[in-house]
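Engineer: The listed protein sequences derive, respectively, from chains B and L. Using our numbering, read the first sequence as starting at 499 and increasing by one per residue. Using our numbering, read the second sequence as starting at -8 and increasing by one per residue.
The hints are simulated quantities; they were obtained by calculation from the structure and are not laboratory data. Hints should not be assumed to be uniformly reliable.
As the list claims (entries may be wrong) - Computed, partial: chain B to chain L, Cβ under 7 Å:
hint : residue
1    : F510
2    : A551
3    : Q574
4    : V578
5    : F580
6    : Q604
7    : A606
8    : A609
9    : I611
10   : Y839
Only a predicted model underlies this, so the values are computations on that prediction, with no experimental measurement involved. C-beta: ideal position from N, C-alpha, C; glycine also.
Take a look at the letters that make up each chain.
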Amino acid sequence: MGVVVKNLTKTFQSQKTDFAAVRDVSFEVEEGALVALLGPSGSGKSTILRMIAGLEQPDSGEIFLGGENVTRLATQKRGVGFVFQNYALFKQLTVFQNIAFGLQVQGAPRAEIKGRVSELLELLGLKDLGRRYPHQLSGGQRQRVALARALAPRPKVLLLDEPFGAIDAKIRKELREWLRTLHDEMHVTSLFVTHDQEEALEICDHIYVMNQGVIEQGGTPEEIYKRPATEFVANFVGLMNIHDAVVKDGKLSIGPYSFPGNGGNGLAEGDRIRVFFRPQDIYISGASNAYAMHARIVRRSFLGVSIKLEIEAEHGFRFIAIIPEHVFYNEKLAEGAAISYQIEEFHYVNLRAGKGMKKLVFADYEI
Amino acid sequence: MAKSHPEHRQNPWVKYGLITAVAAYLLWLLGLPIFTLIRHTVEIGAGRIAEELWQSEVAHAFALTVLLSLGAVLFNGVFGTLVAYVMVRQRFRGRALINAILDLPFAVSPVVVGYMLILLFGKAGWLQGLAEWTGISWVFAWPGMLVATLFVTFPFVVREVMPVLEEVGTEQEEAARTLGAGGWKIFWRITLPGIRWGLLYGVSLTLARALGEFGAVLVVGAGVSGSTETATIYVYRAMEERMFGGAYAASLILIGFSFLLLLGMEWFKKRSNV
């Protein structure tokens, strides 16, 4: 029972301008998977979710749930569970009545409703809260009730719209780990909208990164992080060092590094190149190393599990490196200290050729 | 902590001076008239009150007032909610204009309202045909008076329900849709319970206004004793005809109604803020 979306387009019309919220988007969610639509606000991800639920009508395109074309089907008949960012709990109903609502509407027998609601209350750690009203609950509890309510009628697909957006950072972290655990137990196909890349990376099987109404890249969290397909993805997911350079005399120079222009990298003379490298993909050592480059630490910030270093090398080449915090060697890496470094991996986009991202090859023989 | 900052400490003379001024104004404006009314009613004696009040046309006047008030509550409760719903949930051309017109009944004098209705339903009026076709007399009869009452009380429910609907938002209704509920079920189980306290408050205001309406119903109905005379019109006539017992007692009954309504409204207002 997966989700298939084909060529979905949606434009919102206002008095002055038309806003293309979603532009010809196609993607799939495998049955039983937990998938994220990740992107900044206004990228169209929530609109897609609302169209899958039938809360918005697409201008064109088709939506399939479990192989059935539901594009023209009423929300009520789609069998989706929807979790809203602001919970949208029924204020005048108790927790129990909230969770029971979907089953009651279906006309399920009383005993079955009672059994199912009790089971969900137990599963979501809400056991003693059945008689409370939503305003008597904490944010985290409300969101769990919203989830229980969506799950109660056994939906084919669970849709979550920024489900943890309105909750404190610490509880948000707990809730998302718990959502993953719950998903592994229930195996309901879930599509999850978020602007928080950490959230998406941590709990999802597959991520679609969205920007300005289109999907920039789809892949596993590791693929998205390690092999960003576009400049936007590289920038949006994780931290990046960014440098611009021009191919000159057959060579591309980034700080002390030099790359062959043609050959492996296929660059032409005069091409303008934007180069990316991750702060974590840098080897840093306090000791002098004959094979490495030399630089100086300008600023050091302690981040808990890691340390962020602002580094300045020869010719004003500056970048940020992040290294794991460790008692053993990090004492040497103080502000002003001389270090040696080695950048392990570069990616680039050719600004003249388009937005596709490639890995830079160090020398011709690497082909 | 309890000690306030010197700059914020209030001069006790200012504080008690203000309170005294407010209390005196309220006493003079609201307290004294009611007190006087009660005193005169007591002075006049139960015998004369019973004699003047215990007449069929007085009972008829109160019955008519109750009928008009309940009619206003029923029609404007239903249509006021509908109008509020459409105004808040639908976007359409001319919405801003309608929004401005909604308050018209507050701005127009009730006497003028009554006159407009006479022109509309009377001889050569646009709706005269309707009057003939239905066989109902509208002018100088209770149906016309009901329309007049509906007109002057129309904005209350709309204006109380609109902000509540706005605040409740559409998410709960959308959630109900994803759970399989259809339009009517959503309205009865989600929307209506969500706005019930605002609606009750608006209904209370409607009722209070309808009970006290004078000008519009007098012009449309002409205030014929035993026929188109309402409680307020009776009070006016009783004063004219120097039947002070009936006038005072009827006034007190109307004030009693209003007082009960006020208590109810306070309660609804508190609940709607929860």
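Engineer: None of the hints should be skipped; say for each whether it holds.
Structural biologist: Each hint, compared with the structure:
no., hint, result
1, F510, "violated (12 Å)"
2, A551, "holds (6 Å)"
3, Q574, "holds (5 Å)"
4, V578, "holds (6 Å)"
5, F580, "holds (4 Å)"
6, Q604, "holds (6 Å)"
7, A606, "violated (11 Å)"
8, A609, "violated (20 Å)"
9, I611, "violated (13 Å)"
10, Y839, "violated (51 Å)"
When the structure is compared with the earlier hints, violations turn up for hints 1, 7, 8, 9 and 10 and for no others.
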